[in-house]
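Undergrad: Chains as they are written, first to last, in the numbering used here: chain E, 1 to 643; chain S, 1001 to 1261.
Since the hints were made in silico from the structure, they are not lab data. Values in this document were obtained by computation on a predicted structure and should not be read as measured data. All C-beta atoms, glycine included, are put in the ideal place defined by N, C-alpha and C. Do not rely on the hints blindly, as some may be mistaken.
No farther apart than 20 angstroms at their CA atoms in a straight line, the calculated lysine to any residue pairs in the SDA-like style are these [what the hints assert, rightly or not]:
#1 S:Lys1051 to E:Arg547
#2 S:Lys1003 to E:Pro350
#3 S:Lys1015 to E:Ser211
#4 S:Lys1051 to E:Ser496
According to the in silico footprint, chain S covers these stretches of chain E (three or more CB under 8 angstroms from chain S) [as the list claims (entries may be wrong)]:
#5 239-250
#6 441-448
#7 519-525
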Amino acid sequence: MELRSNVPTGPIEKRWEKHRFDLKLVNPANRRKSTVIVVGTGLAGGAASSTLGELGYNVHSFCYQDSARRAHSIAAQGGINAAKNYQGDGDNIYRLFYDTVKGGDFRARESNVYRLAEVSGNIIDQCTAQGVPFAREYSGLLDNRSFGGAQVSRTFYARGQTGQQLLLGAYQSLSRQVNAGTVKVHERHEMLDIIVVDGVARGIVTRDLVSGEIRPWLADCVVLATGGYGNVFYLSTNAKGCNTTATWRAHRLGAAFANPCFTQIHPTCIPVAGDYQSKLTLMSESLRNDGRVWVPKDPGDATKDPRTLADSARDYYLETRYPAFGNLVPRDIASRAAKKVCDEGRGVGPAVDGERRGVYLDFADSIKRLGKSKIQERYGNLFEMYERIAGENPYETPMRIYPASHYTMGGLWVDYNLMTTIPGLFAAGEANFSDHGANRLGASALMQGLADGYFVLPSTLAGYLAGFKGPRIADDHADVKAAVGRVNERLKRLISAPKPSRTPDSFHKELGRLVWDECGMSRTAEGLRKALERIPALREEFWNGVRVTGTGEELNQTLEKAGRVADFIELGELMCIDALNREESAGGHFREEHRTDDGEAKRNDEEFSYVAAWEHSGDLSKPTLNKEPLTFEYVKPSQRSYK
Amino acid sequence: MSKKLNLTLHVWRQKGPTVAGDFVKYAANGIDDHMSFLEMLDVVNEGLIGKGDDPIAFDHDCREGICGSCGVMINGVAHGPRKATTACQLHMRVFHDGDEIWIEPWRAAAFPVIKDLVVNRGALDRIVQAGGYVSVRSGSAPDANSIAVSKNDADLAMDAAQCIGCGACVAACPNASASLFTSAKISHLSLLPQGGPEREDRVRRMVLQHDAELFGSCTQHGECEAACPKQISINFIARMNGDFIKTALTANSSLKSREGQ
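Bound-form chain E, shown alone (with noise of 0.2 angstroms):
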């Protein structure tokens, strides 16, 4: 397989420009002509649709939840990244462009990611336009914060639901579209294949997930905005039904499918709290301000009251260790810095399968410093929050927070125009690779959604329908007769499993616990290696025996997600098998064997500065790595520290 970036040549500031003008364009009555789809209703496929059906498009959009305003971008808190400086305070288009680079560990896209902060002064601009109500100051003027550490306040924000009102801003545009005429949601269906006819992506196969119907849709190009993988962990602070069938479905058709290791791991969330957890609430990294992280030094009082427990009884580890940045270290270092104290058995709360996983987040020294009611100023809806579902109250008690699976860096793999290796296959938001390397910061993945739906894929795909000669195919062609037998015939091995004995969850839960494990927060070349051997066997045994009831021709929520399921067991196995080729520690990927001699994440620049895009070879176990190396003209590569 040959990667071909496609990558403009000359200053970087003028590259998406010219690259622009050179994409050819649809004259405005061929559009009507031209049929896209856009599978997802997230920030990158509402912002997609809504603007490719007002250039005149026929859309027709895509989503698994009953309506187009669920997504999981609607969860985000904190904000959006924007190089407007309207603080004044030394912001421009370059610095967030090389705080980007920095913070992804030197594994992404220059290009891709300058074009990312050229583009995000209009982002705030068309939400603000849209009646986004982003937070303002009394001067009526927008105002900002600054977040995750960065030196400069860009971050617009709108309370604590920032993701919400912008999933809105599109879902409001993209109402706008629907009522014009020129696209059409279906709700409550679920892509399952990919018609490729040729060589090129040509339509989806799709299950209604209220009739059952199996059914192709036929397009011009494809479009998958579907999000991450976070919920190959099981429990992660993704919604219940995000999933990689989308992805992977295409990878299996041969999208190559780039850094499925680079997965960011939240260091503030609620902790597990018994074996039916179903899910992990993210508590907004701003509590790190004024909270003191800690765990008792003896494994012996991990069950004690902490109240009662004297300071020289404790270990606020992340002050020690970490002396200049304290407890506002970067999420990959406070989650790994947790991981080694509960490892240590200094974890505390209650004993899930035997170990306590969690840490103290004090706030008692701010309460006595600043009072009740500033910390209640600050935090209260978040203490609230805390309290609904720990059932402890933080004023009083010190909070309790461990790591959770957040978001996914890996994804497919895509050119500067964003198409994968399948033409007329796209894919954008959380779905790609392209702009966050080996480490997202904060409030910079509304940005690179709402970029790439709004401003990136209405120019490239102009240039790719520009150039299009495929053929007229009908519901009859070969090809999609196949696509639409091969999800038949899935659904049917799904439902009749020859030993059925295990429910979808229970292999889920499996296969989490076991990735979590041993590529989550930390790996080791010996812990990959038993995962990749016990993966392959649970698939065996996942289709062996799965356990769904019920047809597949009426609403059945088991059937989907055992077929979610089914390729997280896969993705699974790419993710150890990436992990296990990258030696090296990089952002959300540490492997133990590589660090510098005070314990912190090594980078091997020399060896293993490319992005691995891997390339399905009919063998699960056995996939084809293909690189595609990474030089970096403007940012030049340096170690992060945090000491």
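Got chain E sorted already, so can you dock chain S onto it with the hints?
TA: Here is chain S on its own, set in the frame of chain E:
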């Protein structure tokens, strides 16, 4: 320390939209009181699948109270007994050992049951499609700070914009009215200068669509605000009604003719 609860559930089971449904009794034993309400249903469902029975269908997704997917009547109350809390954020510690819990779908003519506790809320989408937006093209927006909005207006708009579209207001209303939902969207946009030019057109189109969807009228019971997980105020309904009456008097003839009146 967690406690274990033994509960009796009466769950509405209905095969499909055209089939009659009924309550079915289930024992839910050994329920940890730290579980969320939906996790309790997960545990019951795992048991049902284990026996080869059809699990209880219910809508849910984010499980952190923001996507608006979940929502059931719990002992006759939308989203259950805890104030300002969606069903997914309700934890079992509000119940007691031995409790009987009645679980039903949202009941409204505009929300037909699809299966068990799952209803079709497409009517809410169609109300937004009728006019719940600002007509701005991608790429045509002026600089964001060229539009100043007073902080009070922006904050009030945000209060309205928080609606998660779950439909609890409709389920709680004796008239099955979606006035709280509709007025929240209308107020969010009409409070901002960006929404000004289309203000009259928007309120007429959205209110007429609301009525066409078989939602009832608002008669000021206030049940919607009490049930709303985001505590959206019924003052927004007054704002919507004021705007609607005003445009009924002042709407220009082209607007009326477009609506076929």
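Undergrad: Look at each hint and say if it fits the structure.
TA: Verification of the hints:
Of the pairs offered as hints, the one joining S:Lys1051 and E:Arg547 holds, with about 10 angstroms between alpha carbons and a cut-off of 20 angstroms not exceeded. With a C-alpha separation of about 13 angstroms, the suggested pair S:Lys1003 and E:Pro350 falls inside the 20 angstroms cut-off, and the hint holds. For a cut-off of 20 angstroms, the pair hint linking S:Lys1015 to E:Ser211 stands: about 12 angstroms separates their Cα positions. The hinted pair formed by S:Lys1051 and E:Ser496 meets the criterion: a straight-line CA distance of about 16 angstroms does not exceed 20 angstroms.
Only residues whose beta carbon comes within less than 8 angstroms of a beta carbon in chain S count, and the region 239-250 of chain E has 3; three or more means the coverage holds. Beta-carbon proximity to chain S at under 8 angstroms applies to 0 residues in the region 441-448 of chain E; the threshold of 3 is not reached and the given coverage is violated. Check on the region 519-525 of chain E: 0 of its residues sit with their Cβ under 8 angstroms from a Cβ of chain S, so the three-residue criterion for coverage is violated.
In summary, the numbered hints that this structure violates are 6 and 7.
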